[in-house]
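Keeping their order, the protein sequence lines are chains H and G. Under the numbering used here, think of the first position of the first sequence as 1, with each following residue one higher. Under the numbering used here, think of the first position of the second sequence as 1, with each following residue one higher.
These are computed hints drawn from the structure, not numbers from a lab. Glycine included, C-beta positions come from ideal geometry on N, C-alpha and C. No false leads were mixed into what you were given.
Only pairs whose alpha carbons sit at most 16 Å apart, straight line, appear in this in silico EDC-like list of lysine to aspartate or glutamate: (1) H:Lys226 <-> H:Glu216; (2) G:Lys205 <-> G:Glu193; (3) H:Lys11 <-> G:Glu194; (4) H:Lys11 <-> G:Glu105; (5) H:Lys105 <-> G:Asp10; (6) G:Lys205 <-> G:Glu194; (7) G:Lys250 <-> G:Glu68; (8) H:Lys226 <-> H:Glu211; (9) G:Lys43 <-> G:Asp61; (10) G:Lys186 <-> G:Glu105; (11) G:Lys190 <-> G:Glu105; (12) H:Lys214 <-> G:Asp10.
Quick look at which bits of chain G chain H covers, simulated, 3 or more residues with Cβ under 8 Å: (13) 101-115; (14) 120-127; (15) 299-305.
What follows is each chain in one-letter form.
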Amino acid sequence: MKGMGLTLTRKRSLLGLFFISPWLVGFIILFLMPMIQSIRFSMSDLSIVPGGYELKFTAWNNFREALFIDANYNRILTESVLQMAVNVPLILFFSLFSAVLLNQKFRGRSLARAIFFLPVILASGAVASAEAAGLINLIGNATAAEEAGLSSSQFNTMAMVDLLAEAGMPLVMTDYIVDAVMRIYDIIRSSGVQILIFLAALQSVPTTMYEVAKMEGATGYESFWKITFPMVSPLILTNVIYTVIDSFTTSPITQTIYTTAFQTQNFGLSASMSWLYTIVVGILLLIIGFFISKKVHYN
Amino acid sequence: MQRTKNKLIDALWSIFRYVLIIGISFVILYPILMKISTAFKDKTDIYNPTIYMIPVHFTMDNIKLASEVLNYFPLLGNTLLYVFVVMVLTTVSTALAGYGFARFEFPGSKILFAMVILTILVPTSTLMVPMYLHFRSFDVLGLISLFTGKEGVNLLNTYWPSMITAGTATGLKAGLFIYIFRQFFKGMPKEIEEAALIDGAGGIKTFIRIMLPNAIPPMITVMLFSFVWTYNDTFYPSLFMSETNLMSLKVASLPSQINLIIPQLLGLAGTDIKADPNHVAMLVDTGILLAIAPLIILYLFVQRYFVESVERTGVVG
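Between the sequences and the hints, there should be enough to build the whole structure, so can you do that?
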């Protein structure tokens, strides 16, 4: 690349292409082509023949089958979406709270940080499934295992329900909070990366802002809502998107798509199921993104 | 008066904060502590309700048996080698792409970066079947069949699918890594590169000699994430490499294996007698502990750099 009559801008853009070339090759071969193929599969009947596969075009048949004929698909899809709708706010709230907590100065802070990020290291589908199997073996069946898990936590939910009811909390909210407390381990386990992101955001808030607020007589509560929250709000969107995608990768819908493809060998149906699911995720992200970005404060 | 009140509030808050932090830490550590305690327990200790955490009969039997079932050390060596190679390939390819997107303008660079975001957003399960068929008869643009006249190569149950996806920055969470690198390189002052350019260094030399040594924080972040997520991943291995020796696959099949092996050890194979479920659970827990132990040890060494580097990486944008 010595001169060769190329202008500097041309040279720069060629260099840029050189840097992204490994990704570009991978993107075309391992993302774009499979994606187009997947769309074709979703509208075809795929049968494996020696040395490859054959496609028979069936238009929207697979989609119709997934939505109206398959007995389980709708239920599993709505369950996955509902589960996500419950989890995302909890994870966001918990991770913002932990990040603020870990950002304050106190003795043993680095130890606390190390422990809070441990779930990022240990979050594993394999371990979780083996663990569930271990516990199920121990108790006999899944529901019993769950109940035993709850009772062994030595925590009486009724006391909390009563307390919240006394305080005039509506029943729906009480349900939600009790549910959140019961699943605290799951929530903590899936908020590691989000805590990291919020913590990084908090570190970039200039300390002078807090000093000024303090001089003006703002309480900690006020400076949280007037300074901290607006400053980290752009990252709320990032975290929501990350959480939504993350919660879907471990949801039962992925399992359904997998078994449809590799156990019942119905590749076309599986492809259309996964596209329906992708569309649902996409629409959800668009709606969430629209509402959050309206509230977000950018500086 | 006001001052003593403030002091009181501060003191109360710091007590409350310690209670919270210790509580949450306990919730996180409890399963690990339970597993460590289980691993050293004797079978008879399961039925002793007076035992909490610290076993009465210490034994290494569980660890011995679980590591035998897992074939632990060969498996660990194999897995670590695989994860290490994937990690290096991922870091190199995503760093290159991140730098390319951060610093160069070329036709369609904005659209291509939008495509990077798209690869983060499209669920992997959507591409599962085409990828599977793709690797079953791997053939880049039909070149192999063009030159040799044969069908593509079957890469299933080899390590190639992971190597290829890692090397081309399309593997596990690679989009996220490209994003992290791009954010970091964007934040670096342009003057450094301009100075290097005037001193006569080409673009590639500038990248290797000037930019990479400065990019240690995002590199640690990406390497650690890539290492851990590849080590734990079951999606790619079970799809493309289900017959290979990898820790995550072995751990997932641990319960059924142990259910088979215990009756054999007792000389009861072929009879209707099933293994004691409590004993099975104990061994599964020990196996899980063995599987995550390398990660915990690794984390103990690098957690300091990890937390600091993430703060400086500029994930924030």
